[in-house]
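> Given the coordinates of chain A, work out where chain B should sit on it, guided by the hints.
These protein sequence lines are chains A and B, in that order.
First residue of the first sequence: 1, per this note's numbering; consecutive thereafter.
First residue of the second sequence: 1, per this note's numbering; consecutive thereafter.
Please keep in mind that the hints were generated in silico from the structure rather than gathered at the bench.
Misleading hints may appear alongside valid ones.
Given that identical chains are not distinguished, each listed pair holds provided it fits within a single copy or across any two copies.
Taking lysine-lysine and the DSS-like style, the derived pairs with C-alpha atoms no more than 25 Å apart in a straight line are [what the hints assert, rightly or not]:
no., residue 1, residue 2
1, Lys416, Lys51
2, Lys280, Lys137
3, Lys516, Lys485
4, Lys516, Lys506
5, Lys385, Lys310
6, Lys431, Lys45
7, Lys385, Lys255
8, Lys27, Lys485
9, Lys312, Lys5
10, Lys255, Lys348
11, Lys416, Lys45
12, Lys431, Lys506
Please read all numbers here as calculations on a predicted model, not as lab measurements.
Protein chains: 2
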Amino acid sequence: MLDGKNRIGFQASAEGDQTFKVFSPVKGDLLPQLFYAATAEELNKAVRKAKQAQRVYRTKSNEEKASFLRAIADEIDNRAEGIINTAALESGLTRGRLTGECMRTTNQLKLFAQVVEEGSWVEATIDPADPKRAAPKPDIRKMLVPLGIVGVFTASNFPLAFSTAGGDTASALASGNAVIVKAHPYHAGTNELVANAILEAAKKTGMPDGIFSSLNAVDFSIGQALVTHPDINAISFTGSFRGGRALYDLAQTRKDLIPVFTEMGSINPVVILPEQLEKKPLELAQTLASSIVLGSGQFCTNPGFMVVMKGKGLDELKLKLKESIEACIPQLMLHPNIRVAYGEGLDKFNAFANFKTLATAKTEPKENESGAAIGYMAAKDFILKPALAEEVFGPFSLLVECDDEDEVLEVLESLKGQLTTTVMGTDNDVKTYQDIVDRLRDIGGRLIFNGVPTGVEVGYAMHHGGPYPATTDGRFTSVGVDAVKRFARPVAFQDAPDEYLPPELKNRNERNIWRKIDGQLSRESIT
Amino acid sequence: MLDGKNRIGFQASAEGDQTFKVFSPVKGDLLPQLFYAATAEELNKAVRKAKQAQRVYRTKSNEEKASFLRAIADEIDNRAEGIINTAALESGLTRGRLTGECMRTTNQLKLFAQVVEEGSWVEATIDPADPKRAAPKPDIRKMLVPLGIVGVFTASNFPLAFSTAGGDTASALASGNAVIVKAHPYHAGTNELVANAILEAAKKTGMPDGIFSSLNAVDFSIGQALVTHPDINAISFTGSFRGGRALYDLAQTRKDLIPVFTEMGSINPVVILPEQLEKKPLELAQTLASSIVLGSGQFCTNPGFMVVMKGKGLDELKLKLKESIEACIPQLMLHPNIRVAYGEGLDKFNAFANFKTLATAKTEPKENESGAAIGYMAAKDFILKPALAEEVFGPFSLLVECDDEDEVLEVLESLKGQLTTTVMGTDNDVKTYQDIVDRLRDIGGRLIFNGVPTGVEVGYAMHHGGPYPATTDGRFTSVGVDAVKRFARPVAFQDAPDEYLPPELKNRNERNIWRKIDGQLSRESIT
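Here chain A stands alone, though its shape is the one from the complex (with noise of 0.2 Å):
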């Protein structure tokens, strides 16, 4: 059962006159649910409650913290049926995709509860004091705090895995943060349910009132006022460009400058080398199709941009790239303002004369559906229009051809900061065109060696996160256990008695974590 309220806190709230209601592309019409927008005051309220909670909160030991992120899994667990019935009409996506999405989202939790519980993440850091030395030596030891309070902007593409108990949430309440959602407008139901259950799983495990809250928007008024707020320490949002940029622009305008870390997708280049082209076009074709119109391409890794060189397999591999494509089924997209911009993408490139249309879906989308679309045009047409560079986020994507290696290096350095790239290419062609792939390797964040760049692992090893205008900041990740050190900051104590020190950095390592003492990494503690 909805309320369609702000929870601020344990607390239900909706005091604002501004009101919403969720439209569904799956109904073609607003649910019956009404939201109440949040107001200024109940985003004071939230951030009072959360400074407080969070002074609290830091101090919970680590079994304390990760059960906290285990009862959240459980309790989205217990509620899965409701939020995935609710995720599908507000979203589109299918019950399939979105059962695939909870589970992932409990598993992050559930990792994340690992990386607490273990402790070692804080990158504990001892120098021992040396009274010998010609000036005595301090002892110093450091470790990774939490900043404080983390805005969570929810992404429209992934009402789950990247919302209210997404990978940011998790990893800034793994890291000992406050947080509060910003919710989106067009899944704000999925992002009731889930809150109550973070909110439930913080009252079974007596977590402070306030360590969690979630604010409803239906414009960008709240989002702003969150950004600017002089309480908030850092903010995360997974989403547009221009949103992402908006925000980031808007936090320069802060009397201090705070961690925003915008991560706002790419068109994540795949090149294709030649032997592997000869050796397995239709293979290829069929691979690249699955992965571009997969979710209907609303995904920040959807691989919206091919580049070939010209040679034996490259008509197979249009012919049954084309194949692929027109036999698409048009599917939902998330909300109108997705599909329109989809469109409009598609009419940009069409409006370019040398830009040719190599297969539409044949299917004619429905209401509030999209279909694939894929274009090619040469290496040298391309080159001169650095807006064809730009994502058009939806299952549509361009293939570039090149005369050769030069011309690939050469589409290859115009193109902008990318969260993924990808090379398909036998090792042969990976050691003959050594210069192309160390290229893809240098503009992205991770690069994929014949496999597609949708599918975003959850592990220790994920970068999810690449140079501008993929990231903000492409020192960091957004998805994995490393996620975390985007809401940590290291502190050192010098002299510190050990009665005042952490756990963490104390003589004795009583949590068996691992310690850099001296340069060298060991669990022994200091004698």
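Relative to chain A, chain B alone:
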């Protein structure tokens, strides 16, 4: 022998017609050498060379990079006499201080050499494949890679350790980047001598032409061009808040966003707790006075702010502080701008009715010198004037007197981010006033117990970087081994052929570095 020219890689260059001379506070006059400010075209040349050079340099083995860093240290040692003489003339700092700073600089280079040679700093992380999983799990491996070209602004207050071959240059080279230095106009001669040492080391160890360049500047134009150059990948700066923030803001106008790390100093609050005050008022006064006047207070970690609760020992503390400061002999200031700004800073305080001078140096300052000064005021007056919490760069400190613990907390609550915070307290004090100590931890980058903030150890555990406005990103340090993290970003390789992978990520752990495999630290090879 100086020639006053820029260094565009191995080439001395003087294409511009803007020239300048360096003012010597020792001589009270301009030094004879003419320096040529770099032109925009000289900057472009340096960047073009750096881009080529970095692509070669990053492929050099760890041993080669380490030998380059050690060779720089050796070349500096070979020229130490001349470097120190020139630096003394240009900065007014004593030969003793500069000899120490020179050793700090070469030790720093050698420490980074050791870190590069050992190799684990790249944070190699491997999540092996699991082909048996329902959706087969790919092999993902990530490590830190260099950003490209780092633009380094040298600091006037450390002509060696935070300048041409200082921590920024050393950490940027260690992590595989090319460096372009914008020399400080007040130590252009020292810069040239050190640049020569770096370039000689590069030649001797076979490093590519362009891996290091040094540009002279007399106005802001070259610095601005460096920050906005499209091929510059990161900026580091140590200096004033105004300068750092201006460069940071300028960087936001770039087409792409890049890391801009600026260390902008702070007032480094010291809280003196009651039991310690009662026990050791004289010792505390002496310790603090020495730290306040060290190097004429021209350190970013100068203790410019002291907080105390009224009670036993306070009168003795103030009396002894007065005595010590009055006895201090005025010292040369680095350059006239700093001397003038110091005077203006004192004027600002003196103009405030509730500010009382406790002591000023009795000896009249000679030309280009400044004398130390200490003032005090009541907490309730201080809290009303946030402008009084701004740094006065030089030998000044403000003592704020509080009625009770709550007032101390209120004062601390009003402060912005700090590089360091210090608590003077017995173990009992630390327990009794834990809220105060925790608050000091929360606003700074390094929390010192019963010591002084001046003196920043170069090691593994050092954190020299606090929340804004101490720096533009408190998650990074500009001193110590972890300074490399500012100039590197992770790249993940998915299902890469072992042959293509960098040595750090290959199956065989031939460098015997620490790697995280499936979340576990290990030195094992992958089988």
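> Hint by hint, note whether the structure agrees.
So, going through the hints one by one against the coordinates:
For the identical chains of this complex, lysine 416 and lysine 51 are inter-copy neighbours only, at 16 Å across copies versus 38 Å inside a copy, given an alpha-carbon limit of 25 Å. In this assembly of identical chains, the alpha carbons of lysine 280 and lysine 137 lie at most 25 Å apart only when taken from different copies (22 Å versus 63 Å within one copy). Taking the shortest alpha-carbon separations for lysine 516 and lysine 485, both the intra-copy value of 17 Å and the inter-copy value of 16 Å come in at or below 25 Å. Within a single copy, lysine 516 and lysine 506 get their C-alpha atoms as close as 13 Å, and across copies as close as 24 Å, so both meet the 25 Å cut-off.
Taking identical chains as interchangeable, the C-alpha atoms of lysine 385 and lysine 310 lie at most 25 Å apart only when both belong to the same chain, with a minimum of 21 Å there against 70 Å between chains. Proximity of lysine 431 and lysine 45 under a CA criterion of 25 Å is satisfied in neither setting, with 59 Å inside one chain copy and 31 Å between copies. Taking CA atoms no more than 25 Å apart as the test, lysine 385 paired with lysine 255 passes between copies only; the shortest distance there is 16 Å, against 39 Å inside one copy. In this homomeric assembly, lysine 27 and lysine 485 never come within 25 Å of each other (Cα to Cα): the closest approach is 41 Å inside a single copy and 50 Å across copies.
With identical chains, the CA atoms of lysine 312 and lysine 5 are never at most 25 Å apart, being 60 Å at best within one copy and 55 Å at best between copies. In this assembly of identical chains, the alpha carbons of lysine 255 and lysine 348 lie at most 25 Å apart only when taken from different copies (22 Å versus 40 Å within one copy). Taking the closest pair of Cα atoms, lysine 416 and lysine 45 come within 25 Å of each other only across two copies (23 Å); inside a single copy the shortest separation is 41 Å, beyond that limit. When the C-alpha separation of lysine 431 and lysine 506 is checked against a cutoff of 25 Å, the pair qualifies only between copies, where the shortest distance is 16 Å, while the shortest distance within a copy is 50 Å.
Of the hints listed earlier, those the structure fails to meet are numbers 6, 8, 9, in rising order.
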